[in-house]
Structure formats: C-alpha cells, structure tokens
Amino acid sequence: MGNYINVEGELIGKKRSNIGSNLKDSDIIHIKEEFRPSGPAENSIIIIYNLKDDLYLAQYLSWVGYFDLDREIIKDKNNWEMIYPGKKYIKENVQWQPFNEFSISDL
Amino acid sequence: MSNKTEVKQLTWDESAQFIIRPRLPQIPWIFNIPPDTCISSHRPHEHITEHLHDHLYHMHIRYGFEIPKQSLNGISNLALEVAMYVRVEQRVDCNPMFVARGKGAEGICLKIAGQDVHWTPDESVAKKATELYKARGCKLNDDYYFAGFSTSDIEERKIFRYDKEELLRAIGSGIVIDQHFQATWKEPIDKDIEPYDVVIYLGDDATNYHTFFNLPVVISLGGF
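Residue numbers (the numbering used here), protein chains in the order written: chain A, 1 to 107; chain B, 1001 to 1224.
What the hints contain is simulated information worked out from the structure, not anything from laboratory work.
Worth double-checking, as some hints may not be accurate.
[What the hints assert, rightly or not] Stretches of chain B that chain A covers, calculated by requiring three or more beta carbons in the stretch to come under 8 Å of a beta carbon on chain A:
#, stretch
1, 1146-1159
2, 1182-1193
[Stated by the list, open to error] Just so you have them, the derived chain B footprint on chain A, three or more residues with Cβ under 8 Å:
#, stretch
3, 36-46
4, 64-70
5, 87-100
Bear in mind that the values here come from a model prediction, so they are computed numbers and not experimental data.
Every residue, glycine too, gets a C-beta built ideally from N, C-alpha and C.
In isolation and in its complexed conformation, chain A is listed as follows (with noise of 0.2 Å):
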C-alpha cells in the first residue's frame, strides 16, 4: 500500500469534496525537488486525498501547470480552487502511493 513520506512542495490547488462523500479537501502540490525513489518527482503535480483525521494518501496527476487547474475550473467551478502565487507546503507522514491502483471511491 505504498510507503509514508514528508511532502514538500508548492500548494497551487484544492479539489473541494463532493457533498456526502467521506473525503476532505484535497491538496494539489506542485513538487520542486527530486524526492525519488521513495517520493514523487521534481517538476510533477500530486494530488494529496485526506482521507479522515491525520490520514493522507498522495499520488501524481498527469498535470502540467495552473493550464490544469484552468481546464478543471471551467468544467466545474464549486469544485476547484486555484491557489495563486503557490504556497509554500509541507506535510508530514503521508502514505505515498505513485500510481492509481484504485478508485478512490473504494476507500
């Protein structure tokens, strides 16, 4: 199910909950360094799921830059936020698990 890592990056986003889900907001990071292997890439977007209290689950988006948040903000407005200029990120003891092997709904 992945390993824990500390994420250190840019916050530029959040994805608002749907309304009755279990999740909370979700953070967008834009990751600045190189964390690989046991963290993401330099220069790659993730997406961090807070799934209850104190629980985290980080995996990459297939985003480029703010054009991402754009495309998804004009599709759905009520469920995005840009966060512009980024803010400076730091989360600890988040399980970190790269690659979709699920549907978040499943949790």
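Guided by the hints, dock chain B onto chain A, whose structure is given.
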C-alpha cells in the same frame, strides 16, 4: 482596344500563408530518443530538464519541420497551431521547439521575440483540426481525439501571437526545428503505453495554410 480580358494569375506568395513543411527530426538523443525515431514509449526515468512526464509512463511524439524563407505578405501577426491525434485515455503535452542538443539528453530551445516558444491547450485548434481532417474524407475513430495547442506566453495560460517582424527575424533564410510532445495516461497508472502511429496537424490562426502528416512508429525510407 483589345477584347482580351487580362487575368491576373496569383503567384504562390501573394496570398497570405505561413508555410511549414514536416520532415524527419534532425537532432537525435534529446530525451534519449535515437535517430530517425518519431514515436517511442518510455517507462518512468530520471528527470531531464524540459521533460514533462519523465516520472510517468509516457510516449514521445517527435517530428522535424522546416519553415522556409518567405515574405509573410498579408500577415501582421499569428499564433502557430498544432494538434495531435492521440488515444482518448491519454493526454499529450508540448515541449518547446528544439534547435540543437544541449547537455546530456536536454535540448536547446528556439527563441522567437526573445523567449522560448511555448504552447497552451486550445480547444478551438482541436475542433479546427477535427473538421479539416473530416473535410479530407478521413474517418474519425472513437478511440482517438485531436488534442490542440496554440503558441503561448511563458506561463502557458494565454495564446501568444508573434508579430511579422519577429517571425521574419527568427526564420531568416529558413530554419529547421525539432518538435517534441509527450503523451501519458490521463489517470497515471502503472502500465506501459504501446506505441502507435500519430497524425499531426500544423497550421496557424491567420491563414488557411495547414498540413497533416502521419508519424509512424517505424519510419519508411523516403517517407519525408
């Protein structure tokens, strides 16, 4: 007085057009892609500057093109357009235009108007390419779509048009450029991308000139 009606024949350079001619890529080993290779799938690998998806399973899409010396008569400014016909489960992203190989597997970017050429997604280009492709009698496959892009500012969030003067200065007596794209799974998964042929559209937003060409996984001799 003569009864003859004089018909003025337009020469090739009198109607506004921005001519781009596809060709084989010229600069091997940028992003570790060998010579004469247009399509190449890679697993996640070490970070390379300007490489967008090195941490994901990705498929490189690469071609060369030539912008010959031309007058640009009738053009005041334009944005370049490109569209790639890729699988629906995948997205594709653009690298800058490369004019030489840099350090290691890096490329050196073409600058126009003092800045690297960048691209931003443009749905109107995707629609335009789709319509032009259909107008040629080509059938669309539900498993694929045209992903469209226009040249952009450095932040890749706004379309950027180059002035005629800037274009003429960059083109000079003609330039040859390599263009790289990378397709990857929209939802990142732990799975190789099987290489496939990719149709490319090239055009601009100021003239009707455009071209389509096919990038095969394995090139044929004399194809370009």
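Here is how each hint holds up against the structure:
Counting residues of the stretch 1146-1159 of chain B whose C-beta lies closer than 8 Å to any C-beta of chain A gives 3; at least three are required, and the coverage claim holds. Evaluation of the coverage hint for the stretch 1182-1193 of chain B: fulfilled, as 7 residues show C-beta separations to chain A shorter than 8 Å, against a requirement of three. Three residues within the 8 Å Cβ limit are the bar, and the stretch 36-46 of chain A against chain B gives 6, so the coverage statement holds. Coverage of a stretch by a chain is defined here by at least three residues with a beta carbon nearer than 8 Å to that chain's beta carbons; for the stretch 64-70 of chain A and chain B the count is 5, and the condition holds.
Only residues whose C-beta sits within less than 8 Å of a C-beta in chain B count toward coverage, and the stretch 87-100 of chain A has 3 of them, enough to reach three; the restraint holds.
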